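Chains as they are written, first to last, in our numbering: chain L, 3 to 322; chain E, 190 to 331; chain A, 14 to 515.
Note that these hints are calculated values from the structure, not bench results. Please note that a few of the clues may not be correct.
Unchecked claim - Chain A regions said to be covered by chain E (calculated; three or more residues, Cβ under 8 Å): (1) 175-184; (2) 396-402.
What the hints assert, rightly or not - Derived CB-CB ranges, DEER-like: (3) Ile263/A to Ile63/L: 54 to 60 Å; (4) Phe202/A to Asp177/L: 33 to 39 Å; (5) Arg246/E to Arg318/L: 53 to 59 Å; (6) Thr173/A to Asp177/L: 49 to 55 Å; (7) Arg230/L to Val316/E: 55 to 61 Å.
To be verified - A few chain L positions that, by computed beta-carbon distances, are all more than 12 Å from chain A: (8) Asn44; (9) Ile63; (10) His93; (11) Ser138; (12) Asp177; (13) Thr179; (14) Arg221; (15) Asp236; (16) Pro297.
The structure presented is a predicted model; accordingly, all values stated were derived computationally and were not measured. We put the beta carbon where it would ideally sit given N, CA and C, even for glycine.
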Amino acid sequence: MTITRRGLGAVLTSAMLVATTGPLMAQADFPTRPITYVIPFNPGGESDVTARFQQPFMEEILGQSVVIQSRPGAGGATAWAQLNSLEADGHTIMNTIVPHTILQPAMKDVGYQTADIENVYFFHYTPDAILVPADSPFQTLQDLIDFATENPGALTMGGSGTNTANHLASVIFGDLTGATVTYVPFSGSAPAMTAVLGGQIGGAMSYTTQAVKAGDQVRALAVATEERVPALPDVPTFLELGIDHVGGAYRGVAVPAGTPDEIKQRLSDVIGEVNADPEFQRQMTEAGYQVVDIPLGEIPAFIENRRAAYATAIERMGGS
Amino acid sequence: MTWTHRDLLPSVVLILLGAYALWETLAMSTFGAIFPRLAGFGLLLGGIALAVRAVWRNPPVTRPHGDLARPLLFLALLLGWAILLPVTGFVPTSIGGAILAMALAFEERPAARSVLAQSAALVGVVVLVALLFGRLLLVPLP
Amino acid sequence: MIEAFLGALTPFNLTLALAGVIVGTIIGALPGLSATMAVAVLVPFTFTMDPASGLIALGAVYTGAIYGGAYAAILVNTPGTPAAIATSLDGFPMAKRGDGDLAVTISCFASAFGGIVGALALLFVAPPLAVIALKFGPVEYFWLAIFGLSLIAVLSKGNTLKGLIGGFAGLLLSTVGSAVVGGDVRYTFGEPALLGGIHIIPALIGLYCVPVLLGMVADRAPHIERAKTGGGTRIPEALATLWRSKVNLIRSSVVGTVVGILPAAGGAVAGLVAYSEARRTSPDRANFGKGAPDGVVASESANSATVGGGFVPTLVLGIPGTPPDAIILGALMVQGIRVGPQLFAEQGDLVQTFTFGLLIATLLMIPTGLVIGRTAFRTISSIPKSVLAPAIGVLIMIGAYAVEQNPNHVIMMVVLGALAWVAARWGFEPSPIVLGLILGPIAEQGFVQAWLIGNASGDLWGQYFGRPISLGIIFFTILTLTWPWWSDRRARLKALREEAGA
Numbered sequence: 003m004t005i006t007r008r009g010l011g012a013v014l015t016s017a018m019l020v021a022t023t024g025p026l027m028a029q030a031d032f033p034t035r036p037i038t039y040v041i042p043f044n045p046g047g048e049s050d051v052t053a054r055f056q057q058p059f060m061e062e063i064l065g066q067s068v069v070i071q072s073r074p075g076a077g078g079a080t081a082w083a084q085l086n087s088l089e090a091d092g093h094t095i096m097n098t099i100v101p102h103t104i105l106q107p108a109m110k111d112v113g114y115q116t117a118d119i120e121n122v123y124f125f126h127y128t129p130d131a132i133l134v135p136a137d138s139p140f141q142t143l144q145d146l147i148d149f150a151t152e153n154p155g156a157l158t159m160g161g162s163g164t165n166t167a168n169h170l171a172s173v174i175f176g177d178l179t180g181a182t183v184t185y186v187p188f189s190g191s192a193p194a195m196t197a198v199l200g201g202q203i204g205g206a207m208s209y210t211t212q213a214v215k216a217g218d219q220v221r222a223l224a225v226a227t228e229e230r231v232p233a234l235p236d237v238p239t240f241l242e243l244g245i246d247h248v249g250g251a252y253r254g255v256a257v258p259a260g261t262p263d264e265i266k267q268r269l270s271d272v273i274g275e276v277n278a279d280p281e282f283q284r285q286m287t288e289a290g291y292q293v294v295d296i297p298l299g300e301i302p303a304f305i306e307n308r309r310a311a312y313a314t315a316i317e318r319m320g321g322s
Numbered sequence: 190m191t192w193t194h195r196d197l198l199p200s201v202v203l204i205l206l207g208a209y210a211l212w213e214t215l216a217m218s219t220f221g222a223i224f225p226r227l228a229g230f231g232l233l234l235g236g237i238a239l240a241v242r243a244v245w246r247n248p249p250v251t252r253p254h255g256d257l258a259r260p261l262l263f264l265a266l267l268l269g270w271a272i273l274l275p276v277t278g279f280v281p282t283s284i285g286g287a288i289l290a291m292a293l294a295f296e297e298r299p300a301a302r303s304v305l306a307q308s309a310a311l312v313g314v315v316v317l318v319a320l321l322f323g324r325l326l327l328v329p330l331p
Numbered sequence: 014m015i016e017a018f019l020g021a022l023t024p025f026n027l028t029l030a031l032a033g034v035i036v037g038t039i040i041g042a043l044p045g046l047s048a049t050m051a052v053a054v055l056v057p058f059t060f061t062m063d064p065a066s067g068l069i070a071l072g073a074v075y076t077g078a079i080y081g082g083a084y085a086a087i088l089v090n091t092p093g094t095p096a097a098i099a100t101s102l103d104g105f106p107m108a109k110r111g112d113g114d115l116a117v118t119i120s121c122f123a124s125a126f127g128g129i130v131g132a133l134a135l136l137f138v139a140p141p142l143a144v145i146a147l148k149f150g151p152v153e154y155f156w157l158a159i160f161g162l163s164l165i166a167v168l169s170k171g172n173t174l175k176g177l178i179g180g181f182a183g184l185l186l187s188t189v190g191s192a193v194v195g196g197d198v199r200y201t202f203g204e205p206a207l208l209g210g211i212h213i214i215p216a217l218i219g220l221y222c223v224p225v226l227l228g229m230v231a232d233r234a235p236h237i238e239r240a241k242t243g244g245g246t247r248i249p250e251a252l253a254t255l256w257r258s259k260v261n262l263i264r265s266s267v268v269g270t271v272v273g274i275l276p277a278a279g280g281a282v283a284g285l286v287a288y289s290e291a292r293r294t295s296p297d298r299a300n301f302g303k304g305a306p307d308g309v310v311a312s313e314s315a316n317s318a319t320v321g322g323g324f325v326p327t328l329v330l331g332i333p334g335t336p337p338d339a340i341i342l343g344a345l346m347v348q349g350i351r352v353g354p355q356l357f358a359e360q361g362d363l364v365q366t367f368t369f370g371l372l373i374a375t376l377l378m379i380p381t382g383l384v385i386g387r388t389a390f391r392t393i394s395s396i397p398k399s400v401l402a403p404a405i406g407v408l409i410m411i412g413a414y415a416v417e418q419n420p421n422h423v424i425m426m427v428v429l430g431a432l433a434w435v436a437a438r439w440g441f442e443p444s445p446i447v448l449g450l451i452l453g454p455i456a457e458q459g460f461v462q463a464w465l466i467g468n469a470s471g472d473l474w475g476q477y478f479g480r481p482i483s484l485g486i487i488f489f490t491i492l493t494l495t496w497p498w499w500s501d502r503r504a505r506l507k508a509l510r511e512e513a514g515a
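Starting from the given sequences, assemble the full structure and let the hints guide the process.
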């Protein structure tokens, strides 16, 4: 009798051991093959470039290669709508952007809802920035606001797409300052910048990264950060000028629904580790990206916060 | 109405297509509707012009040669091939598709030996392409 | 400058250039794989190299791919990349009548010439040229697109009405999906798969290649005639053609360079404009579309010139001149290279080494192109259709899928192919549809943007019609449209005068 009871005990103990260490083992084993990092935009864009910055660091920490895949379409909506149909074992991750993933479902039927996207980390943002050509008569943001208030609609400001981050930023800007500008949508940041450089439009509602790229050819009038951006030390923040606008496009990583929680946490930790690397930070800030840390635990609050911040503007733009 | 007015069928299709396109533009914003309306009108008017010309002038048309059965089968094959790709994976589907395509594309009745040789060649092509893309170019295949 | 030249001649860089051209040519030749894809796929490999070498590798692949597109265009009537659309107009008829090897050789030399012109422009006059890129605003793009669309009417082989209808159909197709301006979601039937619209590469393959495949199956005749003269490369003949066509060659190369400089306008537009101009001014006009070598010369030299031309705005302004340039730009950013006017000032040698590398790659294209071309032609014309058709089927399946790893694209391709086949039976060519598809977005965005700007400044009319470059383009459009009428009239007047004088 003692033998079988001992035997039973042994079986139970080993079963318990397996049950508790099983997930741990899976986590320790993860990843077991190369990771696919899907970017919903064309190569060369902000999402792609930052992912490529992350790539070598991630590969070193994870011990597996990270393959970057580009899946553009409909301003990112095509990929985000497909996210949850991908394998949910953690070996496929996708780049996400806020406000895009909040705006798009609010404005029309894009095949996914904001809640469908399971984000694990937001690791940087590109702050909104108002840019004008170097030879523009506007020396300060106040000049621009004055002009736009006196001549409503006469000032043309370009941006990438309709119902996108740039568009949203221009609506918010108008709400906060009372200036009325005509937003001219372009098929991407690059065409908008071309138009600014060529003097076709008065300015652009763009990102700090574009200002850094264009160098002396543009003048940034303000940036939407808490403190001045290191790459653009002479440019005041909106806050300094009395306008309460901090934000931009927050980029992060998401996984398909159903990915085990331990794996999500591991991915979140890994990205956090990459973010903490000084070399990585240097690459990002030099190009104008603001490194930010919103790990897995803080994501729901972050999304709610952003949703509230955009609410009035979304209503103004005709969405729900 | 004789069926020798071959352009009548396409013109009817075009008129319907143009009308549909225009109907959909009613739900669009002012800006968004401009080019679809342009295209819709173009198709509509083009279809009408085509019909008028067909009835009035009845221009001589050359009948495209060749039978219809094989191309239609081939088309169905391509469609099935495309739909099955994500389901059954690139290599198996393509091997099947290629062999079937070969069967449809024979110029004259083939000898058994050449059938085997050609099938082998096609299998080789599929494998080569799969390797090229999957390994070398790192494009994940279904 | 000498050091930069020597820098490009290092064994490593030379190998890169050679390998790049070969790989690029093969990839570009496969229907469904475009130059953009070729470059995108190879970018990761360049991260381990120093910037100059990486750029040379990417530039070589790009050059090879643009050139390689001609093979599929000539031999299978499917442009391997959108840049080769105009090549197929005369290249394929040439192949059908047995001159395929000549067409391939001509395109090889023409491409090399065009590529060299583009690279030289990059080397010597890049910064001033970049200014041109900036002068093109939304209005100019709109008129340029209209010009392109008007070419449809002129280039339709005899059946203008059907060509125009095809163009409108392409225009309609281009509006499918979510709009850049206005944000409407159009013609998607509620399908999220269609939100991104009709992608050009699956459409290109579907509209061109599928009907060809179906034709192969329907017809008992061999696909293209075997070579008349036993399959040599017919170099002397090709060179003679080029010499005869030298004005065309030079003009097309310049056109290609300039169009390449304009962001958003790539090889397809360049080839088309050059082709149309060649046709307009050629004494051999009637043969265009039926296998006129001049057409191939024009198209190939122009599209290869866009490689060098496209780098001008890319390197000087940081704005990609053509889609592959966008990818190369990203690669540069990751390497830490900042483009812009500072690039030329601070890292002038980098730019020069790269440009020399590009020149060398273009020159290397001649021997590699001839060899690959001869092999390609021999192979395609001698493989029995029962192997050729399925093999092409495999390629287009993966080609349509590989662009964005989207299985829906493959289905899109087949559906469009079916429509194109039916349309062809009714007498509608695929080229106008494809052109409508490519130019539609450019025209629409340009139009609406110009409207917004014009409205904001209160000068709508002046916006569309008051700008010098636009007026130039409008003039050219009208000229091209009415030229046949003009030249007829002139000929008739001349005949009358001769009669009166005699």
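Please check whether Thr173/A and Asp177/L have a Cβ separation lying inside 49 to 55 Å. holds, 52 Å
Confirm or reject the statement that His93/L sits farther than 12 Å, beta carbon to beta carbon, from all of chain A. holds, 15 Å
Honestly, do Phe202/A and Asp177/L meet the 33 to 39 Å range at C-beta? Cβ of Phe202/A to Cβ of Asp177/L: about 36 Å, so the range 33 to 39 Å holds.
Range hint compliance [Cβ, Ile263/A to Ile63/L, 54 to 60 Å]: holds, 56 Å
Ser138/L non-interfacial with respect to chain A [C-beta, more than 12 Å]: Check passes; 14 Å lies beyond 12 Å.
Go ahead and decide if the range 55 to 61 Å is satisfied by the Cβ distance of Arg230/L to Val316/E. With Cβ atoms ~58 Å apart, the hint holds.
Are at least 3 residues of the segment 175-184 of chain A within less than 8 Å of chain E when you compare beta carbons? Coverage by chain E holds for the segment 175-184 of chain A (7 residues, Cβ < 8 Å).
Status of the stated non-contact between Asp236/L and chain A (beta carbon gap over 12 Å): Asp236/L is indeed farther than 12 Å from all Cβ atoms of chain A, at 17 Å.
Status of Pro297/L, Cβ more than 12 Å from any chain A Cβ: Fine: 25 Å to the nearest Cβ keeps Pro297/L off the interface.
Checking the smallest CB distance to chain A, is Thr179/L really beyond 12 Å? Holds, because the least Cβ-Cβ distance between Thr179/L and chain A comes to about 17 Å, which exceeds 12 Å.
Find the nearest Cβ of chain A to the Cβ of Asp177/L and say whether that gap is larger than 12 Å. Label holds. Min Cβ-Cβ 19 Å, cutoff 12 Å.
For Ile63/L, which was marked as not at the interface, is the minimum beta-carbon distance to chain A over 12 Å? holds, 18 Å
Checked against the numbered hints given earlier, the structure breaks only hint 8 and satisfies all the rest.
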